[in-house]
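With the hints as constraints, model all of the structure from the sequences given.
Taken in sequence, the protein lines are chains A and B.
Using our numbering, the first residue of the first sequence is number 1, and each one after it goes up by one.
Using our numbering, the first residue of the second sequence is number 997, and each one after it goes up by one.
If you're looking for bench data, these hints aren't it; they were derived computationally from the structure.
Values in this document were obtained by computation on a predicted structure and should not be read as measured data.
For every residue, glycine included, the Cβ atom is placed at its ideal position computed from N, Cα and C.
It is possible that part of the hints are untrue.
[Stated by the list, open to error] Only pairs whose alpha carbons sit at most 30 Å apart, straight line, appear in this in silico DSS-like list of lysine-lysine: (1) B:K1052 / A:K836; (2) A:K613 / A:K677; (3) A:K32 / A:K184; (4) B:K1040 / A:K616; (5) B:K1038 / A:K616.
[As the list claims (entries may be wrong)] Footprint (simulated), chain A over chain B, 3 or more residues, beta carbon under 8 Å: (6) 1078-1091; (7) 1142-1152.
[Stated by the list, open to error] Negatives, chain B to chain A, calculated, CB over 10 Å: (8) G1070; (9) T1230; (10) V1240.
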Amino acid sequence: MESDQLESSGPRRIVKQQQIQQQARSKVKQQKLKITFTGYVIVLIFLSIVQIIGVGFFTRGFLLTRNVLPDISDCSINNSCIPAKFDKAVILIIDALRFDFVIPINDDSANEYYHNNFPLLYDLAQNDNGILLKFIADPPTTTLQRLKGLTTGSLPTFIDAGSNFDGDHIDEDNWILQLHKQNKSIACMGDDTWQALFNNYINPQLNFPFDSLNVWDLHTVDNGVIKHIFPLLDKQERSKWDVLIGHFLGVDHAGHRYGPNHYAMKEKLNQMNEILLKVISELEDNTLLVVLGDHGMDPTGNHGGDSIEELESTLFMYSKNKKFNKKNKSFYDISQQGKNYRAVNQIDLVPTISLLLGLPIPYNNLGYPIDEVFSNDKELVEVAHKSLQQLNTFRSNTHDLSSKLDNSYNSFITNYTEHGNDKHHYEQLISSAKQYQHASLEECKSLWATFDLKLISIGIGILFLSLTFLLTYARSIPAVRVSTMSFEFIGSVIAMCLLGLVISLSIYIVLKPTDFSLNKCLAIGAALGIIIGFWAPIMDRFSVNWLLHQTIDFFSFNFNSYSFLGLLFVVSHGLIFASNSFVVWEDKMVSFFLITFGFSCIFGLSVKNNITKAQKILGLSHAITFTLFARFSSMINLCREEQRPYCEPTFISTWWSVLLLHGCTYILPSFIISFYKLTNSYHSAAPLWIGTGLKFLMFMNAVHWTLEYVHNSDYFAGRWFASSALLKPLKLAIARIVLFIALILANFSWSKGPLCVKLEYQAENSGDSDDNNGLQKSANILGYGNVYGSSYFLLVLNFTVAIMMVTKPLGAISLNMLIVQILSLLELYDILELRKNLVAPIIFGLLGYQNFFSTGHQATLASIQWEIGFLTTETIFFPFTHLNIVLNTFGSFLIISLAIPLITLWKIVPSNKPITVLSQIITNITTLLTYIAITGLSSLIFAAHFRRHLMVWKIFAPRFMLSGLLIIILNIFLITVPLVFGTGKVVTQVNRIFGK
Amino acid sequence: MAKTKSERKSVSFESREDQGNDSDINGEDGSGIKKDEDTLKKEKEEDEAIRGSIPKLNNSLLTIPYHNLLILGGMFYYGLTENVNEVLLNGLFSLIPIQIGYNYILYNNIKIKKKKNDNTNVPLLIIGSVIISLILAFPLFVFIILFGAPLINYITQTILLSFHLSIILFNPLLIYFKFDINNLLVIFKANKIYRLIFSHSVLSSSLAIVVGTWLGVVPIPLDWDRPWQQWPITLLAGGYIGSVVGGIISLVLS
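Structure (structure tokens):
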């Protein structure tokens, strides 16, 4: 509308021919702009394809997934149960009970603190009533993963495909579930991991969970177990439960806190000894006692990895009236700290317990019953048959597992039916069953539990190559040259990509590589082809020498303290992945960088000479705002487990955070308005967007979170409005309306092109003009100085409002600060002349990271705010649930990538060289991508390097997942929204109206 | 400049406010712009002039603050890691007299430009500089808090840290420039500022204190659980070591 006015108000006195000429010229120019633009977009798309392929390969090699079969075993099928041998069971888990803690060590290697302090188990196992075995865990040796293994009998993988939104809850068939199915009452006390995993199966009256995360507390959990276990063992109370589970954490915590070599460990082990003695004295005759450790500990007392000390744990079984069928004494050899002692796998406990308690073996079990438990060979053959049946059912329903073991299964079954009752065949039947189970377990292990180093290195290689090109493209070749090269790139990339596809296809057909599928071959071919296609024109035009010189030139002429800061931040951010502690404290580090930059700006401004005093004061106030807000948002955090006890989480919804949210409804728009007024841009579309739209939507947002707070708060609980049936639909409606307006309506209206300019006519005496018209009417365009930026920023606001909606109150406050920080930063870049400096997009990237943390996230799976998914729908509903979670998790990164073009566009007048403007934007976008790719590649490399590190699944793997997702999401988002939708719109529109 | 451009249009475009940096975005292509020799020469002359206005030292070997290492070592010897607050406080009380002595050495080492009667009140200068640096500890404290120091939990340690840093950082500068801040600000007009800083022992030592303290935060997050990792020992050590290293760097470079 505005534009029509402008065009029609053109003066008539220009010669018509000239006009036509000019029109033709501007048309050609616009055409040229369009072509350049398309070229850029295609080049970036190819670049992102390579990166995504790289991340994909790495992920395939690193995160091996396992399909969890939802089936539940049942006794009625195949008659798969045997009668129970015990009525009741007491299962005591002593966390981190390493095997050498419980056997007598008499040689010089004995340690006074952790050896020979827990003799009870070994002493009891000398009779036939008890049995002590070495118990081998499957890595990772963390309690949660171990409990899953100990109850389901399956191997752990990091992501169990098909796991539900409720993080820890177990989906698979397990013996706790089977007990529940048979209406047995399960009492549980100790470590609250049990509650997280099996809440639905435990008898709610007999459930006594205690916090397991506070590793500094050696006694609370143990004392809790002791307090509740003995009353339940009492004669009157025994009838209340069928299976009693107690989980002691003291030994584990003593290890974490002091390491095993400390008197606290001795005290703990002695205490355990005492308690067990007491438990055994109270035990009924027909009750089975199982004492086990879920994993061991390394010499420093930690665990999680796969060293021998961490894997070797203890299994002890005892019964007052039943004898165990022990093997020859030489199997139980305690010399050399029990090095050659008979060992069983932890998953073997699962079929053992199931069969002893008369349950069907859990569906996904891979283990084999422990021999000593069954009294004679006849029984052993029977359980061999039962467990092979179960294994075979599982294997035939799992697609990944080959059918090569089918023959041995069939031969076993024939043998069993023929000679099942023949004493002479017992031994052969048992050993063939064991062989079958062993082969099956090995196959599953190689499939699920090993890293595929080949795929990992291919992924890293592809990412590295794409990074080298990205770096050259973003920084080494002058932006203007790049703009003319797009179509050379596209041509050679398409050609080489096709060539790569053909070559890889032929390699696949001719050489038939066994370990690569066709898809993988093609993906490698395509990725390498694209990279070669990118490098070919560069090498054609420039030489390595030239690029080297370009780099040297950059360092000797264009390098200043700010670029140094930028490089320093990127390099140190890349290096933090070399140490788990720095990854854990990444949030603090990022804000430290940002505040350093803020102070550098304050300092740089106060010693800058070539600006006016007004500019200096304005700049200083921007820099101080930036720094203060960086400090404030660094105070909003959600601590990860490893940060305790040095970190106090503050990301909690409180009454004052909700109140602040209401305050922000008025504060943020007024802040933005004042920034707009600096360039006199608060006209036409701006008041509608900022003054009305933003204020209204932010108010709705605040109302929504107020309702949410009222709904959940203890204070309001029971009042009529808190329990009102209206509350929930009202919340849903508000969320839906806000998201619809912000994401769809506002973006659609924005695409119709609002400009924040205003025409102001004024009569002006221009006596010296050629026409001698005397009075000439002239028009001033208000907001001309920031015509791109003021319009583009409205797009940023659209997305920001949507992201604020899906962020909890404190996070939304941090996003409010982010918006002000972005605007201050843009002003600073303008005053300090940093637009073209490489630090500019990097600071945006850091801001993205900081707000990722201050919106209540960490690089852990536990910090994903799943509940946000149900903001707009009550059940999981694709794509809304997923969209909410993506917006919530990556919102801050989306905002800063949207703001990237503003580095170039903010506060410039309509340029008559739109292509130059465009190429500057591309430079900034690719610089941000380079930053993300560098940190991403580094985290991938170190995740692969530390794949045997004990913290890999807690720290490095989640961080790699964050980096991988960031690479993918930012590549896609930066091209589609900020570049094609945003920049494309603004630059072409302004060029159409103001361009000559 | 942008106005001339807009006048060329058929409608006289004019914005009310600052018209932005049009030239900043158009024109050159972002690669290195080589400066020609004349400007280089001119810059060199400017730098020389600035260099001349900064006081020089007779013997920069003597003015390296060796005593800082002594104090740092002393604090560790007297159990800094066990009893942070008390040792920091005692360290501060021993730092001040030693610093006064150092000030005297430093003052005597400054080359006096004009041989005229120099009527500086030396005791006042030295005592005043200590008092002023103690006062400057409060802005420094705010600065450290803004940088991300724990707000409430370790406030005593942070205050003591800022006193220590303030004395080793500001005190020599105050003596060196005789309370005249304009003399200090002149440095920032130089074109090759880092070269200038590193050629003056006191300046380079001050810069190194800042950098050292900045780097001092690096070991804190490591999970080694060593007593010296506690707040604010690493920053303090970074600053103290930086002061000596900075002095040595300038000695080596010049």
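Checked hints:
1. B:K1052 / A:K836: Outside the cut-off at roughly 38 Å; violated.
2. A:K613 / A:K677: holds (19 Å)
3. A:K32 / A:K184: violated (77 Å)
4. B:K1040 / A:K616: holds (27 Å)
5. B:K1038 / A:K616: The given pair, whose Cα atoms are some 26 Å apart, holds under the 30 Å limit.
6. 1078-1091: Result for this restraint: violated, n = 0.
7. 1142-1152: Our answer is that it holds, as 4 residues pass the Cβ test (under 8 Å) against chain A, meeting three.
8. G1070: For G1070 of chain B, whose nearest Cβ neighbour in chain A is about 28 Å away, the distance exceeds 10 Å, so it holds.
9. T1230: The assertion about T1230 of chain B holds, with a minimum of 13 Å to chain A.
10. V1240: holds (23 Å)
Hints 1, 3, 6 from the earlier list are contradicted by this structure; the remaining hints agree with it.
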